[in-house]
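Colleague: Read off the chains here:
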Amino acid sequence: GDSVTQMEGPVTLSEEACLTINCTYTATGYPSLFWYVQYPGEGLQLLLKATKADDKGSNKGFEATYRKETTSFHLEKGSVQVSDSAVYFCALRINSGNTPLVFGKGTRLSVIA
Amino acid sequence: DVKVTQSSRYLVKRTGEKVFLECVQDMDHENMFWYRQDPGLGLRLIYFSYDVKMKEKGDIPEGYSVSREKKERFSLILESASTNQTSMYLCASRATGGVSEAFFGQGTRLTVV
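Chains as they are written, first to last, in the working numbering: chain A, 9 to 121; chain B, 8 to 120.
Extracted from the complex, chain B is given alone in its bound form (with noise of 0.2 Å):
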């Protein structure tokens, strides 16, 4: 079975907090991306990487920074964790080329307080 696992479920973090969340993929793809989905918002981009080191500003961006050290891991970077930040996070994944479907993880509901 193809996998995108996120690190954590539930976070509970304090303002001010650095918070990582990590995602992890074993699909060999190319494309990774990061998106928060909150109600009547539905799911808006943040960031997104195409290859190793490589990474491109999503429609969401600021607070938020990523890094890519390895193809199959994707990690999202709150450098100072604000309320504004509580949401639902997900992660994805996908193959170049043609019309390859995005996989996605279950998601982290991070409440920072």
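Same shape as in the complex, but just chain A (with noise of 0.2 Å):
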């Protein structure tokens, strides 16, 4: 079946440090692929997405390109800030019918002053 795989939490970074979350996938069509932020007390929203291969996303200084010679979609910022402090879910949908979100496990990030 299809499914994400993202490296475990948690990440505790200083502010204005590096950050890469790694994703890779299985998916049995072709997926989109997603990353998702839950801040603290809240639901998931969406931070970015990619639709094909090679396609770069980006938002809010994050970005993650779709590799599909290496199944990945990794998450990158070149400096975060104490506000990204959040949980990072990677997912994949298969473009084809309803076909749901299927997600990884999540990282928890932490950003410290």
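Careful, some of the hints might be misleading.
[Unchecked claim] With a straight-line cut-off of 27 Å between C-alpha atoms, the simulated DSS-like cross-links for lysine-lysine are: (1) K68(A) - K10(B); (2) K64(B) - K77(B); (3) K77(B) - K10(B); (4) K60(B) - K25(B); (5) K64(B) - K57(A); (6) K10(B) - K57(A); (7) K57(A) - K68(A); (8) K85(A) - K60(A); (9) K78(B) - K64(B).
[To be verified] Just so you have them, the derived chain A footprint on chain B, three or more residues with Cβ under 8 Å: (10) 23-37; (11) 78-92.
In case anyone wonders, no lab produced these hints; they're calculated from the structure.
All figures in this text were calculated on a predicted structure; none of them were measured in a lab.
For every residue, glycine included, the Cβ atom is placed at its ideal position computed from N, Cα and C.
Got two chains here, separate frames each, mind docking them using the hints?
Modeller: Here is the structure:
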């Protein structure tokens, strides 16, 4: 079946450090890829997405590139802020019908001043 | 602002009680989903619905049922609550077609005692 594997946390970084959260996937069809973020006490919200190979999604200084050859969609940010502290979820959805999102287990990021 | 609203943020129920979790969306989305979120396990799909009165089992449907009598409302039912159903429950909705974004409610933290 379809699955997403992302690096386990928690990840603790100092402000202005570089961030990479690894995400790889297994899919039976051709997926779209997503990163969702969950701030403390809130539901999930879409951070960025990519719909085809070599697409780069970006938002709020975060970026991720859809790499079909390595089945990866790693999340990166050059300089993190305290306000980036949250749980980050990588997800995929097969581009067919009404298929639901499949999520990774989430990575908790804590950024300290 | 688009909205997915879950009826309760926090709920405490007794073992054996019948529990209803309600979710309403105002975006006229065809698809609605119920996930549970547990530490170390990420989000797991319980049930989803792609149309009124239609439902599909997700990965962990045992002990749950759902109801979708109106397009905007999707209810999750715990027929006889058990302590292992203590969890955070997240509702989401999404339009059909394209690579449409899923919108999430703020979650219901259910404790079964």
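Colleague: Each of the hints needs a verdict: does it hold here or not?
Modeller: A quick look at each hint next to the structure:
Between K68(A) and K10(B) the alpha-carbon distance is near 22 Å, which keeps this suggested pair within the 27 Å criterion. The hinted pair formed by K64(B) and K77(B) meets the criterion: a straight-line CA distance of about 19 Å does not exceed 27 Å. With a CA separation close to 16 Å, the supplied pair K77(B) and K10(B) stays within the 27 Å bound. Restraint check for K60(B) and K25(B): the C-alpha separation of about 21 Å stays at or below 27 Å, so the hint holds.
For a cut-off of 27 Å, the pair hint linking K64(B) to K57(A) stands: about 26 Å separates their Cα positions. Of the pairs offered as hints, the one joining K10(B) and K57(A) holds, with about 20 Å between alpha carbons and a cut-off of 27 Å not exceeded. Between K57(A) and K68(A), the direct Cα distance comes to roughly 13 Å. Compliance with the 27 Å bound is thereby established for this hinted pair. For the hint linking K85(A) to K60(A), the alpha-carbon distance of about 21 Å falls within 27 Å, and the restraint holds.
At most 27 Å may separate the alpha-carbon atoms for a hinted pair to count; K78(B) and K64(B) meet this at roughly 18 Å. Counting residues of the region 23-37 of chain B whose CB lies closer than 8 Å to any CB of chain A gives 1, so the stated coverage by that chain is violated, three being the minimum. For the region 78-92 of chain B, the stated coverage by chain A is not satisfied: 0 residues place a CB nearer than 8 Å to a CB of that chain, which falls below the threshold of 3.
Going down the numbered hints, you'll see the structure goes against 10, 11, while the others check out.
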